[in-house]
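Keeping the supplied structure of chain A fixed, place chain B upon it in accordance with the hints.
From first to last, the protein sequence lines stand for chains A and B. Counting in my numbering, the first sequence runs from 1 upward without gaps. Counting in my numbering, the second sequence runs from 1 upward without gaps.
Certain hints may be false.
[Said to hold, decoys possible] Cβ pair distances, simulated, as ranges:
id : chain 1 : residue 1 : chain 2 : residue 2 : range
1  : B       : Met334    : A       : Ala83     : 43 to 53 Å
2  : A       : Asn513    : B       : Val607    : 19 to 29 Å
3  : A       : Glu512    : B       : Met334    : 47 to 57 Å
4  : A       : Arg360    : B       : Gln275    : 38 to 48 Å
5  : A       : Glu549    : B       : Val607    : 57 to 67 Å
6  : B       : Met334    : A       : Glu339    : 48 to 58 Å
[Unchecked claim] No farther apart than 25 Å at their CA atoms in a straight line, the calculated lysine to any residue pairs in the SDA-like style are these:
id : chain 1 : residue 1 : chain 2 : residue 2
7  : A       : Lys597    : B       : Asn513
8  : A       : Lys293    : A       : Leu425
9  : A       : Lys597    : B       : Ser531
[Unchecked claim] Derived contacts from chain A toward chain B, CB cut-off under 8 Å, selection only:
id : residue
10 : Ser122
11 : Thr312
12 : Met334
13 : Val336
14 : Asn340
15 : Asn464
16 : Asp465
17 : Ala508
18 : Ile510
None of these hints come from the bench; they were simulated from the model. Everything numeric in this text was worked out from a predicted model, so none of it was measured. We treat Cβ as the ideally placed atom computed from N, Cα and C, and that holds for glycine.
Number of protein chains: 2
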Amino acid sequence: MCGIVGYIGARDSQHILLEGLKKLEYRGYDSAGVAIHTNAGLRLRKAKGRISELENRLKMQPLAGFAGIAHTRWATHGKPSDANSHPHTDNDMKISVVHNGIIENHLQLKEDLEQHGYRFVSETDTEVISHLIAHHYEGDLAATVRHAVGKIRGAYAIAVLSEHEPDKLVAVRWASPLIIGVGDGENFIGSDIPAILEHTRDVYILNDGEMAVLTCDGVELMTLEGNFIAKQLLRIDWDLMRAEKNGFDTFMLKEIHEQPRAYQDTMRGRINAGQEIVLPDIALTSAEVRQLKHIHLIACGTAYHAALIGKTVIERLTRIPVEVDLASEYRYRMPVIGENTLVIAVSQSGETADTLAAMRQAKYWGARVMAITNVIGSSVAREADDVLFTLAGPEIAVASTKAYSSQLIAFYLLGLYMAQSLKTLDDTAIAGLIAMLEKLPLQLVSMLRNMNPIRQVAERIAENDHLFFIGRGLDCSLAMEASLKLKEISYIHSEAYAAGELKHGSLALIEENTPVIALATQEELLEKTASNIKEVKARGAYVIALALEGCTGLEKVADQVIYVPRTHPLLTPALAVVPLQMLAYYAASFRGNDVDKPRNLAKSVTVE
Amino acid sequence: MCGIVGYIGARDSQHILLEGLKKLEYRGYDSAGVAIHTNAGLRLRKAKGRISELENRLKMQPLAGFAGIAHTRWATHGKPSDANSHPHTDNDMKISVVHNGIIENHLQLKEDLEQHGYRFVSETDTEVISHLIAHHYEGDLAATVRHAVGKIRGAYAIAVLSEHEPDKLVAVRWASPLIIGVGDGENFIGSDIPAILEHTRDVYILNDGEMAVLTCDGVELMTLEGNFIAKQLLRIDWDLMRAEKNGFDTFMLKEIHEQPRAYQDTMRGRINAGQEIVLPDIALTSAEVRQLKHIHLIACGTAYHAALIGKTVIERLTRIPVEVDLASEYRYRMPVIGENTLVIAVSQSGETADTLAAMRQAKYWGARVMAITNVIGSSVAREADDVLFTLAGPEIAVASTKAYSSQLIAFYLLGLYMAQSLKTLDDTAIAGLIAMLEKLPLQLVSMLRNMNPIRQVAERIAENDHLFFIGRGLDCSLAMEASLKLKEISYIHSEAYAAGELKHGSLALIEENTPVIALATQEELLEKTASNIKEVKARGAYVIALALEGCTGLEKVADQVIYVPRTHPLLTPALAVVPLQMLAYYAASFRGNDVDKPRNLAKSVTVE
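One chain only, chain A, in its complex shape (with noise of 0.2 Å):
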């Protein structure tokens, strides 16, 4: 996710933009960029790297000027470069863009404004928004850029800048956000509240659809028809550590509650009509997945568990037999390779050091390499003969959830690409399991308005020092995240067991209360786990279940029930994930630790 900053005013704007950005940085990015009109008209300043590298160019060429839009980008098309760096222009260096979010069908656009003549300089999405704008710009540019976002199919907050009427910027917002700042005889675009936070609290909070027009003087709203609306002035009384959170208590919870657009962005432009799933950015061809004989998926500690995970997606999805490895420990222990043996790397940073050797390890073996990870430049991406981006956006707690989740969406998508190559699944099928991985983003949001049961749970457990996860199937893969979590920020040490081995041993460590968590969303195994159940509680355990909506029966077993949708059996763990997420949360809460920066660990881990 990257950051968008506007400026319109009596000020400095290279100032204002430049000290927005860094009220961003927090977010990660891996390139800056700002665009002013000056007197000598419209200028750019980009720079991979650091918001400083800007600065110092901007020390040695400073912008002076009275309008600017400024962007810290996170990679999702094209590699952080200088080129790729936003602001986009168009040939003429008329119409300068910022751009947030994903455009679908950029490839269609590109190709038609390439025949009309258009040259692009970069590998991104978004310069086709600077170009179209200029292709369509008959004077009116607020009238051109809904014209043009007409046009566009995606993921949008965009903030334009032109040479042709310097003395507005126009911002318009689909599907990511965008907020408009109003101050005194000057006016502010941010795609946060911190980035503007500093110069005013009186804030509009865009809709999707809608887009504003601002001067100096003044800020017009309007819907993407072009009619004009009225909206109320928002207060903004958060401090800025607050806001930074986007008005939640740490960066765990909000990116607890951005999973429903990282499942969207993960999974848009990636499937066809609701039919097919098509992975433009993977070179793997049908012909060269059926060849494929084996499948080793290597990760360390939360993507170890996705992978888990993806194992079963992708055995079930395939018959195509699926290993999974700790990266840790493929690397030592000579892994029987053959030549059809893909290789899956994963991991959220693309930086992980333990994942980063075994890959290297499993290329020099003579495997064919390909990486998830959630970083587009990192060097798992980068050394990867293929790469399938999460775009799940920054992830700043040390504790996974959204980088996790949006695994588990890659990993879906690539069974399903699989299948499809392999014919082991018909149309019908596929289509239906694509309709409820779509459908999964509207269930998260509607899980997460109610998370009031599994907080109640938190606050029982929270006094424990012992806890167990239990679960067959996909929940045992689930458990173990679900374990691990709770352990990163809470310290409470649970461990994770299939639900069939607890009573091969550690069924000794069941006290009177001790708690364990039974998952049991996987209908088929449900009568299993319930004995399993049975055999806690008759030690004494108190036990709380996560079971589907509608499977009641297991109040009788269990002393708590949480409750998931339905969806695909395959698909639930992309759901239940979110309870158990938040038990880890309000169990750490509750134990008033440090839920963000949990001690002993670090975000990305780059030593052995």
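Same frame as chain A, now just chain B:
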């Protein structure tokens, strides 16, 4: 391990023999039998099943007489059945023999004897002894027994009763325990002290290569060369409970100390002249081994941890990819099974419900199934296409020790057998590994003599509620078993981690003085593990390392180092497991727990 009782004296031998067998009942058995010299000559009663079966037969058809031998059998050659029960006799019913142990060269002896016209009625190795004695008998039973055992290779404790000389019993020992009880006008033979403790506390403990000739009035002791020897009579002041445990405080401790023997028994007859592995019980041919594309190992609990080591062993030696699954998960996960998939089920009891069900499922899916089990005639053994038996003898303690380590030996044998077929190792490499394998029992014996350092570690950690094991490679698999052992009997919440993985989350649980037991017996991974030790030390952990002898470098980074003798790296777990078993044992003892019967757990888990 079977049980032997012998009696000669003025009392009713039927009663004394039956009561003696009952005292050995705790050791496990699958059939029982007696031979008594009656007025009508030598008579036998035998029954598969419980001793009460035999008792019922004796009630229906009693045997009156003053000399007899009796036996409880734990099958090693031939399934449990009336015919395979001891005593065995010659064809003329003049000589009866009971035997504990294994006759390695019984097939060859049998062939010879058959050519001389002897008919065999059982599938046992024991029967050759009775025919051999009959064949060589020339008027002196003791001399004939001496002559016969001179032709035998293997391990044995034998008691012989003959109609030719009904006033005496002959007993001989080689590598299988045997004692002689001295009474007043009566004398006794026992494989263990409890069998005779009711009648006398004065015993001779026979050493290897010693034999005894018992009459009512006296006992003559001699060597296998026929030289008479004098021996100190030992006064047993143990109570019966202690005697059942062979002087050890608990069955677990006894079984830990039986491991050198279990290793020997499991290897016996399967190594040909130190050069090659022969597995006569396995039908899987070399040609079939060469067809194998995948191996799946399925097991629960401790056996699962043995299978994790088995995976590494087989993959390294054969380069066939091996997957390990919890049996309870395997059934439901729809594994990919091809026509060249071998499934190996591992279960001590051979009755583990999850393993049995998973194995049946695998057969249903078309896999060829092999079993590794400790119980001949068990369900797993009966239903598998091939069985590789561990010969650890009955395991009484709930926490498995010798069964686990014998499973490792089975995997070594199987891995080498497959490597021979595949020629993935040359003859020299195989012979080298075999030499080291054969050295393991003696190495174990010497390790078991000095467990004081680990006792001190146990005292140090016994009061902790949390503890972590870490290791890489084989040490990681071993850490999982060590952790389970500790959990099962000490109830300390311990958890095992791949050493490289701790930093990806669970490092958050390490506090000042949290014990971390770092297994670092894999020399090529030592440096990496040392880094992980420093990682936890930096967070305040108290670190106990397990390292190879001579590898003193760890003393600088760990708080304490326990040393393990050197062998081939693949074989090291079979040695390194011992201090870890003892750690669990001592820790549980310090906490005052019932080591043999931990809370909540059952020995053989016959529910899912």
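Consistency of the hints with the structure:
1. B:Met334 - A:Ala83: 43 to 53 Å: Roughly 48 Å apart at Cβ, these two residues keep to the hinted range, so it holds.
2. A:Asn513 - B:Val607: 19 to 29 Å: holds (24 Å)
3. A:Glu512 - B:Met334: 47 to 57 Å: Violated: the Cβ-Cβ distance is about 38 Å, outside 47 to 57 Å.
4. A:Arg360 - B:Gln275: 38 to 48 Å: holds (40 Å)
5. A:Glu549 - B:Val607: 57 to 67 Å: For Glu549 of chain A and Val607 of chain B the Cβ distance comes to about 30 Å; the hint is violated.
6. B:Met334 - A:Glu339: 48 to 58 Å: violated (26 Å)
7. A:Lys597 - B:Asn513: Answer holds: Lys597 of chain A to Asn513 of chain B is near 22 Å, not above 25 Å.
8. A:Lys293 - A:Leu425: Distance of about 18 Å is within 25 Å: holds.
9. A:Lys597 - B:Ser531: Holds, at roughly 23 Å.
10. Ser122: violated (36 Å)
11. Thr312: This interface hint holds because 7 Å falls under the 8 Å limit.
12. Met334: Status holds, d = 6 Å.
13. Val336: Given a least distance of 4 Å, the restraint on Val336 of chain A holds.
14. Asn340: Hint on Asn340 of chain A: violated, closest Cβ of chain B at ~12 Å, above 8 Å.
15. Asn464: violated (11 Å)
16. Asp465: Hint holds; Asp465 of chain A Cβ to chain B Cβ min 7 Å, cut 8 Å.
17. Ala508: holds (5 Å)
18. Ile510: holds (6 Å)
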